[in-house]
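Novice: Spelled out from the first residue to the last, the chains are:
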Amino acid sequence: MAAESSSANRLGTSIWRDAIYRFSVNRAAMLSFWIIIILTGMAIVIPIWGPHTLDAVDWDRILIPPTFENQHWFGTDANGRDMFVRTMYGARISLTIGVLTTLVALIIGVTYGAIAGYFGGRVDAVMMRMIDVLYAVPTLFLVIILVSAFGNNFLLIFISIGAVEWMTLARIVRGQALAIRQKEYMEAARALGLPASRILMQYILPNVIGPVVVYVTLLIPINIIVESYLSFLGLGVQEPFTSWGRLIAQGAAEMEAAPWLLLIPAAFLTLTMFCFNFMGDGLRDALDPKNR
Amino acid sequence: MPPLLRCDDLSVRFNVRGGVIDAVSNVHLAVSRGECLGVLGESGSGKSQCFLAIMGLLSGNGSASGSVSFDGQEILNAPRKALDRIRGRSIAMVFQDAMSGLTPFMRIGDQLTEVLVEHMGVSERSARKRSLEVLEILQFPQPTRRLRMYPYELSGGMRQRVMIALALLCKPDLIIADEPTTALDATIQAQVLEFLGGLKRRTETSIVIITHDFGVALELCDRVMVMYAGRVVESGSIADIVLRPQHPYTQALFQANLGIDADPERDIPTIPGQAPDLQRLPAGCAFALRCSQAIPRCHQLRPELTKRFDGHMAACFVEQPQ
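Those sequence lines, one after another, are chains L and A.
Position 149, counted from 1, in the first sequence is what the working numbering calls 149; the numbers after and before it change by one each time, with no gaps.
Position 320, counted from 1, in the second sequence is what the working numbering calls 320; the numbers after and before it change by one each time, with no gaps.
Rather than coming from a laboratory, the hints here were simulated on the basis of the structure.
Computed from a predicted structure; not experimentally measured.
Beta carbons: idealized from backbone N, C-alpha and C, even for Gly.
Keep in mind that a hint or two might mislead.
What the hints assert, rightly or not - Have a look at the derived ranges for each label pair, beta carbon to beta carbon: (1) L:Leu178 to A:Gln300: 52 to 58 Å; (2) L:Leu31 to A:Val122: 45 to 51 Å; (3) L:Gly121 to A:Gln274: 29 to 35 Å; (4) A:Arg297 to L:Arg129: 19 to 25 Å; (5) L:Leu178 to A:Thr187: 55 to 61 Å.
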């Protein structure tokens with residue numbers, strides 16, 4: 001009752017403002033949101049102003065467990081480098097790659113899907129069969145080929161991951177566009193003589209944004225994982241730079257002697273996954289038209 | 001003076017699994033300037049598809065043949081660019097379902113101004129002014145405030161008026177209204193009809209009203225065309241259609257329409273049977289199976305649309321009193 005009257009009082013409330021309100025009352029999603037924000041802030045700040053630098057070697061304290069001694073809060077690795085700074089630097093790389101690859105996937109996927117869905121018929125059939133073929137190629141296989149063909153370049157890593165992950169997005173957008181095409185307002189738009197480009201931009205895209213935003217929050221962690229297993233395989237970021245995947249790989253090698261080298265980056269990776277997934281859940285509930 | 005809209009031998013076909021559907025067959029019609037044509041018929045009689053074809057809005061599996069000229073220009077199956085210059089500007093369409101006729105993610109104001117900017121090339125500001133003007137004509141409550149709203153914040157009646165406003169923005173020569181009042185409650189229905197009637201009188205706008213409601217046709221139309229199973233079965237002036245209908249279907253349709261003074265105790269008169277399957281039309285008259293006056297010939301031959309008296313055509317073998 002209360003919610004109903006308050007929404008009636010809000011003048012000209014947009015669907016987005018409504019969604020933001022619904023998201024903000026979702027505790028798990030909000031907590032996740034703040035954790036991601038804090039983590040991002042730390043990933044930016046710590047490698048610059050942290051107690052140690054990324055590749056400074058502390059000769060007296062090699063492979064020590066987490067301690068307050070000389071501010072090695074997360075301990076040090078086999079080379080005596082501070083794990084706290086390295087984990088935060090890993091966050092920097094992993095989050096950046098997660099976001100940028102998703103951006104690449106987003107641009108390719110949404111454009112491709114919207115065009116296929118809007119034009120439908122033969123255009124759609126050809127475009128979607130191409131995706132089916134590409135889908136059949138294992139993601140990891142494709143990324144490995146791309147990375148080994150173009151070398152270990154930070155930029156190329158996320159372009160190649162993004163270039164592989166866009167297909168699901170294209171399918172989601174295409175499905176939505178196909179459904180929206182049947183709506184009467186699409187017919188009305190055509191009856192009003194609006195050109196196809198305008199219909200695509202103003203009628204189709206805003207309507208697909210809901211599911212796309214949700215999928216994006218799920219795609220970011222997927223891409224972080226892809227990067228981490230690329231790094232685990234030695235195809236990702238190179239020394240002295242590091243990412244969570246690389247840290248986990250190195251930690252796994254010393255698992256029995258120094259479990260914290262594995263556990264700390266793994267915990268951060270898991271926490272990030274959880275947070276993005278909770279945020280995705282929250283966004284889905286907030287943007288679900290059925291709740292409106 | 002040649003008619004504004006002229007349609008010769010218009011047929012619409014749909015390819016479906018298991019064959020083709022002849023949704024509209026050999027329709028001839030003409031609408032003059034300032035005239036209001038009513039298109040009557042039950043669901044599936046092809047009345048909507050006929051005008052969607054004229055507007056070039058058939059769905060992908062549909063195809064139209066024949067000829068449609070608007071203001072002397074052939075528009076049937078014209079390229080999209082040519083159609084986009086006419087649609088929304090010279091011919092506007094009002095759709096039946098106000099609930100889903102507006103895109104949910106755009107403010108009302110933006111949806112209105114967009115059309116003006118697209119067709120008239122006017123500035124955003126004068127487009128906004130014109131939108132307000134039209135909404136005020138439509139007696140839209142608090143238009144300035146509501147321009148900032150999204151469709152879901154408006155009632156059905158308000159949305160329908162926005163749809164009508166969209167159609168009126170560019171001062172079109174022809175408005176095609178596909179059941180414009182079906183989704184509205186009775187008071188708003190009356191307002192909308194009154195408005196359309198006023199529009200017809202004040203400006204020389206031609207109106208086509210597609211409806212299954214005799215009352216709506218009576219209110220507005222000069223001429224009426226009755227469709228059944230994709231064909232025109234009768235056409236004539238509204239007075240003749242009401243006073244001396246020549247086709248048993250028109251008579252039955254008129255009887256099935258309840259007046260305000262209808263006896264609540266009496267059963268509502270209905271037309272027995274169902275509309276025929278358009279994929280398996282009988283050889284004879286499509287209405288013969290439901291017709292109380294059918295003679296054996298009706299089941300073998302299809303009656304052509306013939307002139308009954310001045311300005312009145314009907315497709316029936318049975319002679320009716322004139």
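Novice: Taking the hints in turn, state whether each one holds.
Specialist: Against the structure, the hints come out as follows:
Distance hint for Leu178 of chain L and Gln300 of chain A: a CB-CB separation of about 45 Å, inconsistent with the stated range 52 to 58 Å. A hinted range of 45 to 51 Å for the beta carbons of Leu31 of chain L and Val122 of chain A is consistent with their spacing of about 50 Å. At roughly 32 Å, the beta-carbon separation of Gly121 of chain L and Gln274 of chain A lies within the given 29 to 35 Å, and the hint holds. Against the hinted window of 19 to 25 Å, the Cβ-Cβ separation of Arg297 of chain A and Arg129 of chain L comes to about 54 Å, which falls outside the hint.
Checking the proposed 55 to 61 Å range against Leu178 of chain L and Thr187 of chain A shows it is violated: the Cβ atoms sit about 38 Å from each other.
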